[in-house]
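Peer 1: This is what each chain is made of:
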Amino acid sequence: MYQYSEQDHQLLLERVEQFRGQVQRRLKGQLSEDEFKHQRLRNGLYLQLHAYMLRVAIPYGLLSAEQMRTLAHIARKYDKGYGHFSTRQNIQYNWPKLEDVPNILDDLAAVEMHAIQTSGNCIRNTTSDPLAGVARDEVEDPRPYCELIRQWSTFHPEFNFLPRKFKIAVTGAVGDRAAVAVHDIGLKLIQGPDGENGFEVYVGGGLGRTPMIGKLIRKYLPKEDMLTYLEAILRVYNQLGRRDNLYKARIKILVHETGEEKFRKLIEAEWQQIKATGLYLREQDIERIKGFFKDPDYQELPDTDADFENLLLSDPEFGRWADKNIDQHKQSGYRIVYLSLKSVNQPPGDVTADQMDAIADLADKYSLGQIRTTHRQNLVLSDVQLKDLVPLWQELKALDLATPNYNHLTDIISCPGLDFCALATARSIPISQAITERFDNYDFINDLGDLSINISGCINACGHHHVANIGILGVNKKGEEVYQLTLGGSAREDASIGKIIGPAFGADQIVDAIGDVLGVYLENREDPEETFLTAYRRLGQAPFKEKLYG
Amino acid sequence: MGNYIKDRKPDTDEWMPFSGLEDSDTLPAGDIYVPLEEWLKNREALLTRNSRLGVLLNNTDDPAALVPDLDRLDLVVLEFPKMADGRAFSQARLLRERYGFTGDIRATGDVLHDQLFYMQRCGINAFELGEGEDLTSSLKAFDEMTITYQPAADEEFPIWRRDGK
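Listed in order, the protein sequences are those of chains B and F. Take the first sequence: its letter number 133 is residue 133 in the working numbering, and every next letter is one higher. Take the second sequence: its letter number 111 is residue 1111 in the working numbering, and every next letter is one higher.
Quick caveat, the hints were computed from the structure, so don't treat them as lab data. In this text, a Cβ means the ideal position worked out from N, Cα and C, and glycines have one as well. Among the hints, a few may not be true.
As the list claims (entries may be wrong) - Quick list of in silico lysine to any residue cross-link-like pairs, SDA-like style, CA-CA up to 20 Å:
no., chain 1, residue 1, chain 2, residue 2
1, B, Lys223, F, Trp1160
2, B, Lys248, F, Ala1084
3, F, Lys1165, B, Ser5
4, B, Lys223, F, Arg1161
5, B, Lys290, F, Arg1161
6, F, Lys1165, B, Lys248
7, B, Lys275, F, Ala1084
As the list claims (entries may be wrong) - Computed spacing ranges between beta-carbons, pair by pair:
no., chain 1, residue 1, chain 2, residue 2, range
8, F, Phe1142, B, Gln299, 49 to 55 Å
9, F, Arg1072, B, Asp244, 30 to 36 Å
10, B, Glu33, F, Leu1070, 19 to 25 Å
11, F, Asp1154, B, Asp194, 33 to 39 Å
12, B, Lys499, F, Lys1006, 54 to 60 Å
13, B, Pro296, F, Glu1156, 35 to 41 Å
What the hints assert, rightly or not - To be clear about the criterion: a stretch of chain B counts as covered by chain F if any three or more of its residues have a C-beta under 8 Å from a C-beta of chain F, and this derived list gives those stretches:
no., stretch
14, 8 to 14
15, 36 to 49
16, 158 to 168
17, 238 to 244
18, 335 to 349
The whole structure should be built from the sequences, with the hints applied where relevant.
Peer 2: In structure tokens:
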């Protein structure tokens, strides 16, 4: 992974000192909460319902074991013993004290981490494919490009006061595990007409009140032009994006109101002016960063292991886990392992300090010392040898991290909701737990196959409900928390926005409603191979409406 | 009047804003700056004076409108109507980097401590500090951070291409 230079370290130290000064001025009353707000929001510190919330950046979802141990230490020393992995591959702490935050940032800086640009109207942490570098369907590893974007966007002097926040996602694979279509900018590495790799550039995707799928603004961008092109998009957005209405300020509205063709021309015109500037990436600039992401020294191994295969046959529990939570690796003899953060005992994405420490140890022992976070709020050990799968599973099971549900019904994305969030209008975690408890049955989950349920506790859609196969949106209607159902969304390469099926359900009805939706699917699917999404797209809303509303 | 910084030092603001000939029969003496609209309308008359001229750009004005006249101007004033409004950062970079303006670029409006570093990087060298902003502490803001990753008005190359790399 990327190793900080002396200058990277220096920048973090300066930033911590600057923030320490701001916190001191706030604690002494020299800064009002309103004045301080602008400073803390530059550093990932939100004021939530009960306390401050600190969001720590995990650049493109990649963590070393040492970094994970620091996250555990922070959870233990400054918080209530746990952290929450978010849909943006970051981690959030819900209970830090303001006076502790500079010390937390110090501890983070010691392991090359920070909270820079995890909030505010600036370019946020770049997200990516959690299987980057190990996926079989990869065209090229996206992480070097993510790192270049990280450096370019960190304290960018022109783009720190944008109309609204700005999120960039990069994938290098055929299958989209980074949801690039619902980001302000989505980059997808492809092989171009010249045989070289470059990017498809999607602009103007996003969720929130006005969900939109990104438009393909450029079919092929040579990779050397990545940063100049991004700069052109950001400059046009900074100048023309709406600032009169908070809810119309994202770039998706600018693209929509300007029109795709005209928007494309604006970008191209600006880009022509700057494409040959110092931001142009020379081959050696890209190669140097690629050097940080070289393949590890994989062993030459057969793609078979007797212990693993024997246990598959003899232990159904192991078989279930292996079927759901293990994925193919590009290297023979290795597997990708998903750590489910969706057990019935914990809110989605929550991990205790003890679990974090144990995960760090497992990464050291079995997976070359690295951990990845996913936008569906799980973790990944990306380089596990076949022979280690059995002992790894036993340890994960003891840690309650082996629920066999990856990309299945109970692998629910949920925002923190009204239990924590100042914006939320309804609770989401209790709904997700109620669904998980009701359907905590492997055979049922397995039979349903590939399926996503996402829950947001308000219209801002942090739980990505629009792009779930089954989306749940909590709203407050005349003092009562009610839940709207949307069906047919997808965040993958076939991205689509789900449609509201009808009137909302009460908190006591929503789980039954989900059961009804699943029942309609099971009754109507052509065969078990037809996924929920495919069946829904074929059937349309009618049979679901009929069942739900009669 | 608020505090004024130019080229990282406290300075006296010698410029007067002048709204235009519509509101006044005669042109004032001394260094004045006028809104872009006034400049485009009364350029010739304004140029008959013997003192320095500047132009104020609104956030929606395209700096390209000044390109034919940049060598006749000593000052461009950019507005920061509120802290969150960052359009003038782009205007400043365009003036410096694309159009090669070498006169003063001044920030006016909600000009606060924590923006000064970014403003300076975008090519702004004169600052009418916002109300209540402390001069001494503001002067330190330029050096709070010393590492810059990306090209801007102060750096032609990103960090990975500097020092002959």
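Peer 1: Hint by hint, say whether it matches the structure.
Peer 2: Against the structure, the hints:
no.	hint	verdict
1	Lys223/B / Trp1160/F	holds, 16 Å
2	Lys248/B / Ala1084/F	holds, 15 Å
3	Lys1165/F / Ser5/B	holds, 14 Å
4	Lys223/B / Arg1161/F	holds, 17 Å
5	Lys290/B / Arg1161/F	holds, 15 Å
6	Lys1165/F / Lys248/B	violated, 42 Å
7	Lys275/B / Ala1084/F	violated, 28 Å
8	Phe1142/F / Gln299/B: 49 to 55 Å	holds, 53 Å
9	Arg1072/F / Asp244/B: 30 to 36 Å	holds, 34 Å
10	Glu33/B / Leu1070/F: 19 to 25 Å	violated, 43 Å
11	Asp1154/F / Asp194/B: 33 to 39 Å	holds, 36 Å
12	Lys499/B / Lys1006/F: 54 to 60 Å	holds, 58 Å
13	Pro296/B / Glu1156/F: 35 to 41 Å	holds, 37 Å
14	8 to 14	holds (count 4)
15	36 to 49	holds (count 3)
16	158 to 168	holds (count 5)
17	238 to 244	holds (count 3)
18	335 to 349	violated (count 0)
In this structure, the hints that do not hold are numbers 6, 7, 10, 18, in rising order.
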